[in-house]
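Undergrad: Listed here are the chains, written in short residue letters.
Number of protein chains: 2
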Amino acid sequence: MFSSVSIIGCGLIGSSILRAVHNKNLAKEIKVFDHSKEVVTYLKKENIHQNITSDIRQCVNSSDLIIIATPLSSYKKIILSIKDHLKKGAILTDTGSVKKEVIKIIHNINLKDVYWIPSHPIAGTEESGPKAGYAEMFENRWCIISPTENCDEQPIKSLKEFWEAVGSKVKIMPPEEHDKILSLTSHLPHAIAYNIVRTVMNVEDKLKQEVIQYSAGGLRDFTRIAASNPLMWKDIFLDNSENIIKDIDNFAKKLQELKKAINDKNGDKLLQIFNSSKEVKEIIKAGQDKSKTDFGRKKD
Amino acid sequence: MFSSVSIIGCGLIGSSILRAVHNKNLAKEIKVFDHSKEVVTYLKKENIHQNITSDIRQCVNSSDLIIIATPLSSYKKIILSIKDHLKKGAILTDTGSVKKEVIKIIHNINLKDVYWIPSHPIAGTEESGPKAGYAEMFENRWCIISPTENCDEQPIKSLKEFWEAVGSKVKIMPPEEHDKILSLTSHLPHAIAYNIVRTVMNVEDKLKQEVIQYSAGGLRDFTRIAASNPLMWKDIFLDNSENIIKDIDNFAKKLQELKKAINDKNGDKLLQIFNSSKEVKEIIKAGQDKSKTDFGRKKD
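Protein sequences appear in the order of chains A and B.
The first sequence begins at 0 in numbering that gives the first Met the number 0 and counts up by one.
The second sequence begins at 0 in numbering that gives the first Met the number 0 and counts up by one.
Next up, chain A with everything else stripped away, as it sits in the complex (with noise of 0.2 Å):
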């Protein structure tokens, strides 16, 4: 398909990538980019990877597509180190979680001759490092794939075609749209889950201990995306904050209808509230076939 990939950064995401391309043969060569010490031993120690080059321009100089797998923060220096030695026609995408910042630093930057189509595997655990990583982390999940403007369909096709190989479901959407779609359904959520553990952390000590207890009525089921990697969440919070800001004011308007009901001691209002359940199951019956949610998670 490609003969060959680079991937920079080999972090949960980056490194599950590899994992794929390597166990389903979909290069003929694949060369690595880490700038952690600790991560390029890790994979050279369990043998996942040998190739890795400390050199990130030699690391994309001879391919096809190159997938940046980094922080969203990092991508303005890596972009701007790896500009110059991009090979013509080349691919260069992304996994990141929100498109906004990044199309506007390519744009600024003026890429020539190379097709620049950002990706978004709606993927992972909330573990973080390629120790966590593994190959079927993308089977039967989403990627969605965000061209810009103007950009010819033939490199989109082979993109596509990447990430269908690598088990991936892909979907083509324009980069707002992306952004919006993902601040309900990913960010808003992460915003919740990371505000009431702090909420319900605040108590005092005597508390805290029972809290964490009995923490199996609701709480539990916050904690896995409130445990995510705070680094990621960061940069993902100041790349959407328009669309999260409007998310979060709907959010704390409709909190507060909900705390008028309860205080007017409003049975009625309650229960349409609660009623909500119909379109709930629609979101259970979207992603899985059995009771039990399994969240995207690696099998046990």
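Read the hints as simulated data drawn from the structure, not as lab findings.
Computed from a prediction, not measured in an experiment: that's the story for all the values here.
Take these hints with a grain of salt, some might be off.
No distinction is drawn between identical chains; accordingly, a pair holds when it is met within one copy or between any pair of copies.
Said to hold, decoys possible - DSS-like cross-link-like pairs, simulated, lysine-lysine; straight-line CA separation at most 30 Å: (1) 99 to 168; (2) 268 to 252; (3) 253 to 207; (4) 168 to 27; (5) 87 to 159; (6) 268 to 99; (7) 23 to 168; (8) 253 to 264; (9) 258 to 103; (10) 103 to 205; (11) 103 to 159; (12) 170 to 207; (13) 245 to 259; (14) 205 to 43; (15) 99 to 253; (16) 258 to 268; (17) 103 to 168.
Knowing the structure of chain A, use the given hints to seat chain B on it.
TA: Quick look at chain B alone, frame taken from chain A:
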């Protein structure tokens, strides 16, 4: 242990207790009352139980232990209709998620010669009705017993042994403390889960299908608890309104702090907020020894 046990209300929780008492042979006689014909038909047809009476007085008059497992708003009517038919020295308990209101009801009724000891097994799923019940529901789950002041020790001990025999770990705790802790670990999380689904589903129809499609990014983690029985939750919010409103206020305050940090592009503050993960991991650890949360669900 008890020679005769009565279960009033045979939905998800009541039918699970019924199944456990049967399977483990915890009583010589089990009597069941449910006001729903559908429930009664189901229990008989599936041969889960045959000794079902349509007279609630007859259900309780010879029992040593009476368990009320109905929504909180039905307690008053039930207690009024059984109060003159309880055996001297019988233990009356319940399975409700809030203790304040029921204790007030019992206090006003002035029950005599009967031990009233509230219970709360912290177990369940998002489903309702006897079909969703199962005998193992309480295995290794907490059950909180909240005796009122001046309750004799012997009946508390007997009730504790009953719940342990059913499979629970038992904790004895004052009712006010129970309501405060459950507001944090269960009631606030349910309020927030209902609220996020309601917020996210409030988008235009065009986006709604996409929101459902990409819900694996985080939103889906909230769906289990937002799919719970609306009637039960209405009662909980009304009965524990003081604690829940206080917790909603704290949550809303913290959410404004988070919003301000995003708005100010304050990366350090965001990192500090998201680094609550240390405590999240304690919650995860408290409930499981595998990486996969099970949320107290029935095993598939």
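Undergrad: So, for every hint listed, does it hold in this structure?
TA: Hints versus structure:
1. When the C-alpha separation of residue 99 and residue 168 is checked against a cutoff of 30 Å, the pair qualifies only within one copy, where the shortest distance is 23 Å, while the shortest distance between copies is 51 Å.
2. Taking the closest pair of Cα atoms, residue 268 and residue 252 come within 30 Å of each other both inside a single copy (15 Å) and across two copies (24 Å).
3. Taking the shortest Cα distances, residue 253 and residue 207 sit within 30 Å of each other both inside one copy (28 Å) and across copies (18 Å).
4. Within a single copy, residue 168 and residue 27 get their C-alpha atoms as close as 23 Å, which meets the 30 Å cut-off; across copies the closest is 57 Å, which misses it.
5. Proximity of residue 87 and residue 159 under a CA criterion of 30 Å is satisfied intra-copy only: 20 Å inside one chain copy versus 74 Å between copies.
6. In the homo-oligomer, the alpha carbons of residue 268 and residue 99 lie at most 30 Å apart only across protomers (22 Å), although the nearest pairing inside one protomer, at 39 Å, exceeds that limit.
7. Within a single copy, residue 23 and residue 168 get their C-alpha atoms as close as 16 Å, which meets the 30 Å cut-off; across copies the closest is 48 Å, which misses it.
8. Proximity of residue 253 to residue 264 under the C-alpha cut-off of 30 Å is found in both arrangements, the shortest distances being 17 Å within a copy and 25 Å between copies.
9. In this assembly of identical chains, residue 258 and residue 103 lie within 30 Å of each other by CA distance solely across copies; the values are 23 Å between and 40 Å within a copy.
10. When the C-alpha separation of residue 103 and residue 205 is checked against a cutoff of 30 Å, the pair qualifies only between copies, where the shortest distance is 27 Å, while the shortest distance within a copy is 49 Å.
11. When the C-alpha separation of residue 103 and residue 159 is checked against a cutoff of 30 Å, the pair qualifies only within one copy, where the shortest distance is 23 Å, while the shortest distance between copies is 63 Å.
12. Proximity of residue 170 to residue 207 under the C-alpha cut-off of 30 Å is restricted to the inter-copy arrangement: shortest distance 16 Å between copies versus 44 Å within a copy.
13. Proximity of residue 245 to residue 259 under the C-alpha cut-off of 30 Å is found in both arrangements, the shortest distances being 21 Å within a copy and 12 Å between copies.
14. In this assembly of identical chains, the alpha carbons of residue 205 and residue 43 never lie at most 30 Å apart, being 47 Å within a copy and 47 Å across copies at closest.
15. Taking the shortest alpha-carbon separations for residue 99 and residue 253, both the intra-copy value of 27 Å and the inter-copy value of 27 Å come in at or below 30 Å.
16. When the C-alpha separation of residue 258 and residue 268 is checked against a cutoff of 30 Å, the pair qualifies both within a copy, at 11 Å, and between copies, at 28 Å.
17. Taking the shortest Cα distances, residue 103 and residue 168 sit within 30 Å of each other inside one copy (27 Å), while across copies they are farther apart (56 Å).
Checked against the numbered hints given earlier, this structure breaks only hint 14.
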